[in-house]
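Chains A and B, in that order, are what the protein sequence lines are. Counting from 1, one number per residue, gives the positions in the first sequence under our numbering. Counting from 272, one number per residue, gives the positions in the second sequence under our numbering.
If you're looking for bench data, these hints aren't it; they were derived computationally from the structure. Some hints could be false.
Taking lysine-lysine pairs in the PhoX-like style, the calculated list, with each CA pair at most 25 Å apart, reads [claimed, not checked]:
{"id": "1", "chain 1": "B", "residue 1": "K570", "chain 2": "B", "residue 2": "K557"}
{"id": "2", "chain 1": "A", "residue 1": "K268", "chain 2": "B", "residue 2": "K557"}
{"id": "3", "chain 1": "B", "residue 1": "K557", "chain 2": "A", "residue 2": "K271"}
{"id": "4", "chain 1": "B", "residue 1": "K293", "chain 2": "B", "residue 2": "K497"}
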Amino acid sequence: MEFAQVATIAGKEFWDRIRNRWVLAVALVFTAFALSIAYFGAAQQGSVGFRSIEVTIASLVSLVIYLVPLIALVLGFDAIVGERERGSLDLLLSMPITRFELLLGKYLGLAAALAFSTVAGFGLVGMVLAAQLDLNALFHYFGFMLSSVLLGCAFLSLAVMVSVFAADRTRASGLAIALWFFFVLIFDLLLLGALVVTGGQTGGEIFPYLLLANPADVFRILNIFSLEDVRTLYGLATVFPPALARPELLGAVMFAWIALPLAIAAWKFRK
Amino acid sequence: MADTSPARTEPQAAVIVARGVKKHYGAIRAVDGVDLEVGAGELFGLIGHNGAGKSTMFKMMLGLIPASEGEIRIDGALVTGAGNGKAGDFRAVRRRVGYLPENVVLYDNLTGLETLHFFAKLKGVPPSGAPALLDRVGLAQAARRRVREYSKGMRQRLGFAQALLGNPRILFLDEPTTGLDPEAIRSFYAILRQLKSEGVTTVITSHILAEIQERVDRLAIMTAGKVQACGTVQALREQMDLPLWFSVRVAPQDFEAVRAALGHLPVGAVEARDDHIAVQCRREAKMAVIEALATLDGKVRDLTVREPSLEDVFFGFSD
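If we strip away everything but chain A, and leave its shape as in the complex, we get:
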């Protein structure tokens, strides 16, 4: 593999998103939401202002679980199928570049844009809050930002896989939205439904492992288990055994969620 080829493709994808202000727009969205949650999250209880990092992160986790996967899927769904449909894929592939290098370059460039906007958006809020946070809180906030980037990368990997399999952009966008619905809205409901229907008698022991089959849940557990105060707020997370909640293990699962769809995409794209 020639890394220069990967870097050329990745650089173009990244700078395209900088130039068309995609990165700026997403960063501003994250900043605006994070600031609103940090300062006005408790408005329904009749108070405003920053309360605690635990509550802020817990609220941000709920926001990120909806927003980041959606942004990542929208960002990546036409990475390959878009080039194919526009007619520029053949020209790219006629260059001295392998299909894997092209795919990896596309992914890394888009992932860099997503990571940059995520870190910039939430980082700005972190800087605003920094004066009110101790080192431990900053560590948790940094962990939240890092896991948000990983969540985005996992869904971006799924989006790139979709873009390789889909016959056209319309189908790719439909598949991407279906994935978002499945992982963000339906997956947990299905698990809970299965538990309720069986009265908790069937599948209870594999339930925690099934949560690992959803990167959104892995992200939630990563953030919830690191915060004592909010762990009890989440019903799903409380049934998760602490032995499985180790950050390094969950981080590895998240990396698997990045690598596996990308590997499947590379396999399909080579054919």
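Knowing the structure of chain A, use the given hints to seat chain B on it.
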């Protein structure tokens, strides 16, 4: 299928060799047993109806899609066929190849110069040559304009400049003059002539047969995935044995004299029109017709011989 080129135009050293190439999509035979050789420095045309298999053949020659059967070699390196897959070979081959796809699509958000820089990086050639290339295709003034502001013809010229990056030894040009105005077409073929003189091999497809008939060294006519004929335009004319047309300009009162002079010759249709007579004859009767007309003592004011066009030849083979 026999190559009908005269010996003097046979390629000396084949840089593109296709042997028994087939590409099947299920029951559809997009390319069905093509053998081709294109020599170093040749300007080779590939013509055919839409769906004849030209673009599929192009894609296989570029290694974009694998062949179902057979093999293609570029400069001796296997591009598609059994044993394909040595990454080093494929990179070396592609650095020697330039490709302009049909209806080239470039990136609207980049300028012309940035476009060439991007593709130069991918090709592994210094981007410093980009301004000169833009100048060569007549886009120097638009180098810093975004591609979205380019006309179709300008995009096509930028695509051509992209194909010329890194001084390729082999060019694959798919409908390269689409959207170009007559001046740009002339300038495009002037560049091709210059490249030919430098030993660059070019394979070109075009639907505008009149445009390429005087410009290619040899061509192949494809129909239904097969090469029906291959050779120089003249050789294909002779192989097809299509009739010639004489246009004999005479005064209307001399029409009968012309008919009488040609009466004993094996000519086809003789049609009187305004101030001339159109005479169709077989190639072997050509000199006899000229001699017969020469006996008419100054009654013939002008004489034009029209060879069958490439279009006539094409339809002759493809029908």
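Status of each hint after checking the structure:
A threshold of 25 Å between alpha carbons decides the hint, and for K570 of chain B with K557 of chain B the separation of about 19 Å falls inside it, so the pair holds. Of the pairs offered as hints, the one joining K268 of chain A and K557 of chain B is violated, with about 61 Å between alpha carbons and a cut-off of 25 Å exceeded. In summary, the hint linking K557 of chain B to K271 of chain A is not supported, as the alpha carbons are separated by about 57 Å, beyond the 25 Å threshold. The suggested pairing of K293 of chain B with K497 of chain B holds, with an alpha-carbon distance near 9 Å, which does not exceed 25 Å.
When each numbered hint is compared with the structure, violations occur for hints 2, 3.
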